[in-house]
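From just these sequences and the hints, can you work out the full model?
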Amino acid sequence: MHRLVPEKLVTIISTDVLEERLVAIARNRGASGYTILRARGAGSSGEQSGMLDADANIKFHVILPTDRLAGVLDDLERLMSKRYPLTVFVSDVAVLGSDKFDKPMG
Amino acid sequence: MSALNNLLIPAVLFFALGVITRLIKSDLRLPPDLAKMLSIYLLMAIGLHGGYELGRADLGAAFNAVAWAIALGFTLPLMGYGLLMLTRRVDRMNAAAIAAHYGSVSAGTFLTAIAYLDNAGIAYEAYPLIMLAVMESPAIVVGLLLASWSRQRLAVQDGGVASIDNGPANGQWRSLLHEAMTNGSVVLLIGSMAIGAISAPASMEKLFPFIDEIFMGVLCLFLFEMGMEAARRLREFRRVGAVLVAFGLVMPLVGGVIGIAVGHWALGLGIGGTTLVAVLGASASYIAVPPAMRLAVPEANPSFYLTLALGITFPFNVVIGIPLYHHLAVLVIN
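Those protein sequence lines, which keep their order, are chains A and B.
Taking the numbering used here, the leading residue of the first sequence gets 1, the next gets one more, and so forth.
Taking the numbering used here, the leading residue of the second sequence gets 1001, the next gets one more, and so forth.
These are computed hints drawn from the structure, not numbers from a lab.
For each residue, glycine too, the CB sits at the ideal point set by N, CA and C.
Watch out, some of these pointers could steer you wrong.
Claimed, not checked - Quick list of in silico lysine-lysine cross-link-like pairs, DSBU-like style, CA-CA up to 30 Å:
hint	chain 1	residue 1	chain 2	residue 2
1	A	K82	A	K8
2	A	K8	A	K59
3	A	K59	B	K1025
4	B	K1036	A	K59
5	A	K82	A	K59
6	A	K8	A	K100
To be verified - Some chain A residues near chain B, calculated using beta-carbon distances under 7 Å:
hint	residue
7	T15
8	V17
9	S45
10	R83
11	G106
Unchecked claim - Anything over 12 Å on all C-beta distances counts as not near chain A; from chain B, calculated:
hint	residue
12	P1032
13	M1044
14	P1291
15	L1328
Now the structure itself:
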């Protein structure tokens, strides 16, 4: 039997100019790593075609132990209170090889 | 020479083709990084070319052009902000962000103007190119200041200190200013100009196939893509509203007239150079400023400023503005 361990997956969709801030949040709140994808779509900020610097989006994934989730969400709420347009959702995931998610990034 | 003749330049026609491609819902898709690659090439080529000529130009006149570029970069956004507040259609934060776009410049429009002048056989000075590089940044700074000032006013209106946390904290100001000054297109343009100015002329001549002969072809490709991007914004017009669309048409005229005055009376440029300064005054940034405003003025809606700069003002300048400023320059100078 594989040993699957429950963790939290935080997914953020936002403009790519926020990438550095999101990375800083993940790092400061003890995430073990993160993954960024280019994204495009449309929403409250109009169409994001991903063709220009001006309208490129990213999808930011970070997997965390449950006890580190609240800090990340606090920081994201602070960004949202400054009216940065973020889409944030949290999912329950089960990970294989859970050790690596416990070690914060250097 | 009819006005129509002036429009029959491959670069402008490719822009139109880009718009049509989108309107007829063609399945043509360009690779995601194409616009970025093409604009890197265009900035590098125009920078090398201009630097090569500036290397032999009068330093005093160049400094004068820089000073006027800074003055334009600070003044135009303030005028834009005032006009926008008069319309009463946008709040202060959106007005600040939009105004920053109109104080900054569009290299795409500038290059189209160069294609137009080349096509008409009109000579132009190299100084407006320095102004293109200089004018990217001041308007971003003005936009940040306007936004910060508006934020404070809004906080006072809301009757409290609640919003002190809003917007960039003091520590972030430095990084925002740093970003405005070290923006990729500014670094590339100024760096290429420096290389063009100090390189040995013989070695520069070897580069001419790269910076001269294929230049117009690359510009066609770039404008083709920008036509598609501009047309993509058309459907946002309704959201933006007629008054703001009108602003997107009036503001370039205001900037263009001011540019002509600066080009002719302040800098003493010829018809070609004056037309280019008018284009600088008239154009709105859609590459450098939007990311800066996204970071610094999150309260403003990107669909407003992108639709205005890219969907309205850019096509207006490419099709109508450039010939218009040229004719105005001819009128004023003769």
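Verification of the hints:
For a cut-off of 30 Å, the pair hint linking K82(A) to K8(A) stands: about 25 Å separates their Cα positions. A C-alpha spacing of about 16 Å is found between K8(A) and K59(A), which places the hinted pair at or below 30 Å, so the restraint holds. Of the pairs offered as hints, the one joining K59(A) and K1025(B) holds, with about 27 Å between alpha carbons and a cut-off of 30 Å not exceeded. A hinted pair counts as satisfied when its Cα atoms are at most 30 Å apart, and K1036(B) with K59(A) qualifies at roughly 20 Å.
Simply put, K82(A) and K59(A) have alpha-carbon atoms about 20 Å apart, close enough for the 30 Å limit, and the pair holds. Taking the CA atoms of K8(A) and K100(A), the gap is near 14 Å; set against the 30 Å cutoff, the hint holds. Because the beta carbon of T15(A) sits about 5 Å from the nearest beta carbon in chain B, less than 7 Å, this interface hint is met. For V17(A), the shortest C-beta to C-beta distance to chain B is roughly 5 Å, which falls under 7 Å, so the interface hint holds.
Checking S45(A) against chain B: minimum C-beta separation of about 5 Å stays under 7 Å; hint holds. Interface restraint check for R83(A): the shortest CB-CB distance to chain B comes to about 5 Å, inside 7 Å, so the restraint holds. About 23 Å separates the beta-carbon of G106(A) from the nearest beta-carbon of chain B, more than 7 Å, and the hint is not met. Not every beta carbon of chain A lies more than 12 Å from that of P1032(B), the smallest distance being close to 6 Å; the non-interface claim is violated.
Look at M1044(B): its CB is around 17 Å from the nearest CB on chain A, clear of 12 Å, so calling it non-interface holds up. Listed as a non-interface residue, P1291(B) fails to keep its Cβ farther than 12 Å from every Cβ of chain A; the least gap is roughly 5 Å. With a closest Cβ-Cβ approach of about 30 Å to chain A, L1328(B) is found to remain outside the 12 Å limit, as its non-interface label requires.
The structure is inconsistent with the numbered hints 11, 12, 14, although it conforms to all the rest.
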